[in-house]
Every structure is written in structure tokens, then in C-alpha cells.
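Throw the hints in and build the complete structure from the sequences for me.
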Amino acid sequence: MATPDFIRALRATAGHQLLLLPGVTAVVFDDAGRVLLARRADTRKWSLVGGIPEPGEQPAVTAVREVYEETAVECVVERVVLVEAQPEPVTYPNGDQCQFMDTTFRCRAVGGEARVNDDESLEVGWFPVDALPPLREPELFRIKQALTDDPTWFATTAP
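According to the working numbering, the sequence shown holds residues 1069 to 1227 in order.
Simulated from the structure, these hints should not be mistaken for lab results.
All of these numbers come straight from a predicted model, not from anything done at the bench.
Treat the hints with caution; some may be incorrect.
[Unchecked claim] 25 Å max Cα-Cα, derived DMTMM-like pairs, lysine to aspartate or glutamate:
#1 Lys1212 - Glu1191
#2 Lys1113 - Asp1217
#3 Lys1212 - Glu1142
#4 Lys1113 - Asp1198
#5 Lys1113 - Asp1164
#6 Lys1113 - Asp1098
#7 Lys1212 - Asp1198
#8 Lys1113 - Glu1156
#9 Lys1113 - Asp1187
#10 Lys1113 - Asp1218
#11 Lys1212 - Glu1156
#12 Lys1212 - Asp1073
#13 Lys1212 - Glu1146
#14 Lys1212 - Asp1164
#15 Lys1212 - Asp1098
#16 Lys1113 - Glu1188
#17 Lys1113 - Glu1181
#18 Lys1212 - Asp1170
#19 Lys1113 - Asp1170
#20 Lys1212 - Asp1187
#21 Lys1113 - Glu1137
#22 Lys1113 - Glu1191
#23 Lys1113 - Glu1142
[As the list claims (entries may be wrong)] Simulated restraints, written as ranges between beta carbons of each label pair:
#24 Ala1100 - Leu1078: 35 to 45 Å
#25 Ala1080 - Pro1161: 13 to 23 Å
#26 Ala1077 - Lys1212: 22 to 32 Å
#27 Arg1204 - Arg1183: 29 to 39 Å
Glycine included, C-beta positions come from ideal geometry on N, C-alpha and C.
Next comes the structure, spelled out in C-alpha cells:
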């Protein structure tokens, strides 16, 4: 994901130390029940679409914005799927460390054509939930939760 300007400003004084940051993930389904995925330019792996809210931006607005910016798909948020602190910090190639407090939303596509729409993705596509490319376990869990009618999931114990 591209680094927002406000994070660059923080990094100017904080250096590479660990930052706890808000994150948003969108599990977007089309009318055929397929899920939208992007193959990230930084890791070359398939993933759900997500990003960091700008200061003052509502998380649901962030989800819609990130989906459009990265995939050209227009979507609406249907509900919160889960809220959790990511269990492990991420260390980027430049040494920056982050840990994300993620809010995942179930979204429905309402327009646009799925395509690479910025430099964060190498490929974008719709996948049947029973024929997904390799994904990390947390992303598979988010998709599973988005497919249920369960209330919002949240961790109740420390990692």
C-alpha cells in the first residue's frame, strides 16, 4: 500500500519504530458471489483490498475509496465483519514497523470494471470462493466471516 503523507510525516520524527495504525479491509462480493482480490506489487501475493484511513476519514469511507483506487470497482459497505489487532507487526523492506488495528467490511460491488487502477497491484480479479488463489490465513478467515450472518467478530483474549 502506498504510504499516506501523514505517515511519512510521523516517520520523519519516529524513524522505523513500531507504530500502531488503523487499517481497513474490504471483502467485496459481486452479484455472482465472487470475491475481489488484488495481487500486490510489493509482495506479489493475492490479497483482499485494504488501506489506511486518512485523518478524520470514516473507516467505511476508507474501504470504498481504497477499493476504487486500487481496482476501479465501485462498492457499498454492507456491514462490519470483524475488528481485531493484527497479531504480528509488519516490517517493510525499508525497516519501518507497523501493527494494524483492522476493521473489515463486507462490501457489494455496484459498478466499475475490475482492473489494475494504481501502482499498488499487479493484477485484479474476481474469484469464486471455492477457487481462491493462495491467501494468508487471516484473509481466508475474513472471507469466511463475511459469508456468514454472524454478528461482528472480535477477539476476546490477548494473542
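Going through the hints against the structure:
1. In summary, the hint linking Lys1212 to Glu1191 is supported, as the alpha carbons are separated by about 23 Å, within the 25 Å threshold.
2. With a C-alpha separation of about 28 Å, the suggested pair Lys1113 and Asp1217 falls outside the 25 Å cut-off, and the hint is violated.
3. As the CA atoms of Lys1212 and Glu1142 are separated by approximately 22 Å, the hinted pair is consistent with the 25 Å bound.
4. Between Lys1113 and Asp1198 the CA atoms are separated by roughly 18 Å; this keeps the pair inside 25 Å, and the hint holds.
5. Of the pairs offered as hints, the one joining Lys1113 and Asp1164 holds, with about 20 Å between alpha carbons and a cut-off of 25 Å not exceeded.
6. With a CA separation close to 21 Å, the supplied pair Lys1113 and Asp1098 stays within the 25 Å bound.
7. Proximity of Lys1212 to Asp1198 is assessed by CA-CA distance (about 11 Å); at most 25 Å being required, the pair is judged to hold.
8. Proposed proximity of Lys1113 and Glu1156 is supported: the alpha carbons are some 18 Å apart, at most 25 Å.
9. Simply put, Lys1113 and Asp1187 have alpha-carbon atoms about 14 Å apart, close enough for the 25 Å limit, and the pair holds.
10. Between Lys1113 and Asp1218 the alpha-carbon distance is near 28 Å, which puts this suggested pair outside the 25 Å criterion.
11. Straight-line distance between C-alpha atoms of Lys1212 and Glu1156 comes to about 21 Å, which keeps the hinted pair within the 25 Å bound.
12. As the CA atoms of Lys1212 and Asp1073 are separated by approximately 33 Å, the hinted pair breaks the 25 Å bound.
13. Restraint check: the Cα-Cα separation between Lys1212 and Glu1146 comes to about 15 Å, which is no more than 25 Å; the hinted pair holds.
14. Between Lys1212 and Asp1164 the CA atoms are separated by roughly 31 Å; this puts the pair beyond 25 Å, and the hint is violated.
15. For the hint pairing Lys1212 with Asp1098, the CA-to-CA distance comes to about 16 Å; that is within 25 Å, so the pair holds.
16. Annotation: proposed proximity of Lys1113 to Glu1188 holds, straight-line Cα distance about 12 Å (limit 25 Å).
17. Distance restraint check for Lys1113 and Glu1181: the Cα-Cα separation of roughly 21 Å lies within the 25 Å cut-off, and the hinted pair is therefore satisfied.
18. At roughly 16 Å between alpha-carbon atoms, Lys1212 and Asp1170 fall within 25 Å of each other, so this suggested pair holds.
19. At roughly 19 Å between alpha-carbon atoms, Lys1113 and Asp1170 fall within 25 Å of each other, so this suggested pair holds.
20. A C-alpha spacing of about 28 Å is found between Lys1212 and Asp1187, which places the hinted pair above 25 Å, so the restraint is violated.
21. Restraint check for Lys1113 and Glu1137: the C-alpha separation of about 18 Å stays at or below 25 Å, so the hint holds.
22. Straight-line distance between C-alpha atoms of Lys1113 and Glu1191 comes to about 10 Å, which keeps the hinted pair within the 25 Å bound.
23. Of the supplied pair hints, the one linking Lys1113 and Glu1142 holds, its CA atoms being roughly 23 Å apart against a limit of 25 Å.
24. Separation of Ala1100 from Leu1078 is about 41 Å and conforms to the stated range, judged on CB atoms against 35 to 45 Å.
25. A hinted range of 13 to 23 Å holds for the C-beta pair Ala1080 and Pro1161, which are about 19 Å apart.
26. Remark: the range hint 22 to 32 Å for Ala1077 to Lys1212 is contradicted by a beta-carbon distance near 37 Å.
27. Between Arg1204 and Arg1183 the beta carbon distance is about 24 Å. The supplied range of 29 to 39 Å is therefore violated.
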